[in-house]
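Trainee: This is what each chain is made of:
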Amino acid sequence: MTQSRPSLQLVAAWLGLLGLLALTVTMAYAPLGAANAVVAIGIGITKAALVAAIFMELRYRDALTLLFAGAGLFWLGILLWLGLMDFLTRT
Amino acid sequence: MPDSPAVAPQFTSASHRDETAELGMWVFIATEVLLFGGLLLAYFVYRHAYPQGFVTGSRHTEIVIGTANTAILLTSSFLVAWAVEIFSAETRRLTAGLLTGAICLGLAFILLKGIEYHREYDEHLVPGIDFRFTGSLANGVQLFFIFYFIATAIHALHMIIGIGLLAVLALLCRAAPSTRRRAALHSVALYWHFVDIVWIFLFALIYLPGRSAS
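Chains as they are written, first to last, in the numbering used here: chain B, 1 to 91; chain C, 1 to 214.
Simulated from the structure, these hints should not be mistaken for lab results.
Backbone N, C-alpha and C define an ideal beta-carbon position, used for all residues, glycine too.
Among these hints, one or two may not hold up.
[To be verified] Estimated spans, in silico, between C-beta atoms of each pair:
#1 R5(B) - A175(C): 20 to 26 angstroms
#2 G19(B) - L107(C): 23 to 29 angstroms
#3 P51(C) - L15(B): 31 to 37 angstroms
#4 A108(C) - Y29(B): 35 to 41 angstroms
#5 P51(C) - S4(B): 40 to 46 angstroms
#6 A42(C) - G33(B): 35 to 41 angstroms
#7 L18(B) - G24(C): 28 to 34 angstroms
#8 T100(C) - A12(B): 30 to 36 angstroms
#9 H16(C) - A22(B): 32 to 38 angstroms
#10 A14(C) - L73(B): 26 to 32 angstroms
#11 G33(B) - R93(C): 51 to 57 angstroms
#12 G33(B) - T100(C): 20 to 26 angstroms
Chain B with its partners taken away, still in its complex shape (with noise of 0.2 angstroms):
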């Protein structure tokens, strides 16, 4: 069986990433003083999250995959944790 058209599912990632680029630009200019940055993190962290699952397939990969995939984000973790902890704490 040959398909053409995309699935119902990568359609409503798209269309759902579009909404939240058009979500996070609007909330940008809403006066929320420091929670600014943390909606437009917040809404970064989602559409990522969003590519990952459905554009990068990874809601179907076994658990070694996602081992593989999760080990940039441990490390990148750790990067951060690690390197900003001295600068955010001292005063």
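Given chain B's structure and the hints, the job is docking chain C onto it.
Mentor: Below, chain C without anything else, positioned relative to chain B:
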């Protein structure tokens, strides 16, 4: 088929080979995460040290171009994911067409980026070449623009490499859509989506801060 000459001896089957290629691509992406991670760390350290300078610098970026480029890149990723999903001998022309569409969107991104760089040059915002921002925030703004140019230039370099890879795969898939080429296309698609994710975060860190300041 363990005896197939098409599969190297370390693999038990073609699917084993293709799964290994996918894991290898994820290892490469992990190294790329750390490359951009170093830039992110520098961004957060200096944003913490110069909060007002970074917000002011951010307000001088072109949010219309940045937003358009984000939409362009998300759409190109969608086209590539679509091409991977429908890959087969019968749909080879459509696959190549979708990849060509993604390439055109990638080129549009680079073109808009060039226009943006040109405008920043006209506004004397390029550190090291022509930077004329005065006042108490000048140091922070300069650091912001150093991050901006280095991060977006490295990202644009990744885009150019990705466009080249997509072009090669569009030609290969059109000529002979084998399972091996499907695996290659899948690896290139992972790379393209990764470059998309990097941009999602660069967009949030570069263009969005400071827009709501009263």
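Trainee: The structure should be examined with respect to each hint, and the outcome stated for every one.
Mentor: Checked hints:
The supplied range of 20 to 26 angstroms is met by R5(B) and A175(C), whose beta-carbon atoms lie about 24 angstroms from each other. G19(B) and L107(C) have their C-beta atoms about 25 angstroms apart, which keeps the hinted 23 to 29 angstroms range intact. In this structure, P51(C) and L15(B) meet the distance hint of 31 to 37 angstroms, their C-beta atoms being roughly 35 angstroms apart. Remark: the range hint 35 to 41 angstroms for A108(C) to Y29(B) is contradicted by a beta-carbon distance near 25 angstroms.
P51(C) and S4(B) have their C-beta atoms about 51 angstroms apart, which leaves the hinted 40 to 46 angstroms range violated. Our hint of 35 to 41 angstroms for A42(C) and G33(B) is violated, since their Cβ atoms are close to 25 angstroms apart. Our hint of 28 to 34 angstroms for L18(B) and G24(C) holds, since their Cβ atoms are close to 32 angstroms apart. Evaluation of the 30 to 36 angstroms hint for T100(C) and A12(B) yields a failure: the beta carbon distance comes to about 24 angstroms.
At about 43 angstroms, the CB distance of H16(C) to A22(B) disagrees with the hint of 32 to 38 angstroms. At about 30 angstroms, the beta-carbon gap between A14(C) and L73(B) stays in the expected band of 26 to 32 angstroms. At roughly 53 angstroms, the beta carbons of G33(B) and R93(C) sit within the given window of 51 to 57 angstroms. A beta carbon spacing of about 45 angstroms between G33(B) and T100(C) contradicts the range 20 to 26 angstroms that was offered as a hint.
Of the numbered hints stated above, those contradicted by the structure are hints 4, 5, 6, 8, 9 and 12, listed in ascending order.
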